[in-house]
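J.: Sequence:
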Amino acid sequence: MRTHMCGELRPGDIGSRVSLCGWVGRRREHGEHLAFVDLRDHTGIIQCVVDTGADVRSEYVVRITGIVRARPEGTANDALPTGAVEVGECTVEVLNVAEPPPFPVDARADDVDEAIRLKHRYIDIRRERMQRNLRVRAAVNSAIRREMEKNGFLEVETPFLMPSTPEGAREFLVPSRKEPGSFFALPQSPQLWKQLLMVSGVDRYYQIARCLRDEDLRADRQYEFMQLDAEMSFVSQDDVLDYIGRAVVAAAEAVTGQRPPEIERITWRESMERFGIDKPDLR
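Per our numbering, the very first residue in the sequence shown carries number 1437; after that it's consecutive.
Please note that the accuracy of each hint is not assured.
[To be verified] Listed next, the in silico BS3-like pairs over lysine-lysine satisfying Cα-Cα at most 30 angstroms (straight line):
| no. | residue 1 | residue 2 |
| --- | --- | --- |
| 1 | K1630 | K1614 |
| 2 | K1586 | K1630 |
| 3 | K1715 | K1586 |
| 4 | K1715 | K1630 |
Hints are computed from structural coordinates only; laboratory data are not their basis.
Make the full structure from the sequences, and use the hints.
T.: Here it is, written out as structure tokens:
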């Protein structure tokens, strides 16, 4: 259905016939017969030159087929990776029409009330910033997995429905259909399961675990969150700090492209004496 992604076209593609699929961003009329359309997918934006009669409006989903060509002299857009080229001689196929979106699908939506953005989350996630957040999250998870496996850890997915166990917060309970009056609990953490894995001889376990806690909401407390969960047999405190520190460094490198320095360590007593708290921000 498509031959290329919107964000991957470069001067080396000039002369190629391409088919692209995506969402219509801005449309700008250019004289009586032509219009410029910014076509967007998850890889980026490309400018397409279409006939003014083409029925394409903001957030329409379309397939555009045309020839890649250099932009006219003086019109290149250095702010875009695709800014040196455009797609001309276009035919347009509308795949899905759309009503005008409730807010701009760009950086201007940062100023829109969060409740509105959440109500229309499928539109909010189309924005470059939100797409970038998802890619960063995926890169962090991949880097953590590679680092943990390199150090001999086995990823194990533990059960999500479990017996109620006393921990630091209230649990979310799920009633049993077959046993009226009985309940499952959703995990606050995989603590019980990873301890069973250790006595089962797994030795080194990890997972990127989804945890749920029925706590009052505030900036650092959510009902649902993800954490790197790990357990090791026959190790010292320094071993734990080493392995987890390596995972954190690998995650930071995956996001920034640069390997950060090793994580500084201080004792609890030194932290209290220097900063008066046990979780100082050393940045």
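J.: Is the hinted pair K1715 and K1630 satisfied, with a Cα-Cα distance of at most 30 angstroms?
T.: holds (26 angstroms)
J.: Hinted pair, alpha-carbon criterion (30 angstroms max): K1630, K1614. Please report holds or violated.
T.: OK: K1630 and K1614 at ~28 angstroms, within 30 angstroms.
J.: Just to be careful, I want the Cα atoms of K1715 and K1586 compared with a cutoff of 30 angstroms; is the pair within it?
T.: holds (29 angstroms)
J.: Take a quick look at whether K1586 and K1630 sit within 30 angstroms of each other, Cα to Cα.
T.: holds (20 angstroms)
Comparing the model with each numbered hint stated earlier shows that all of them hold.
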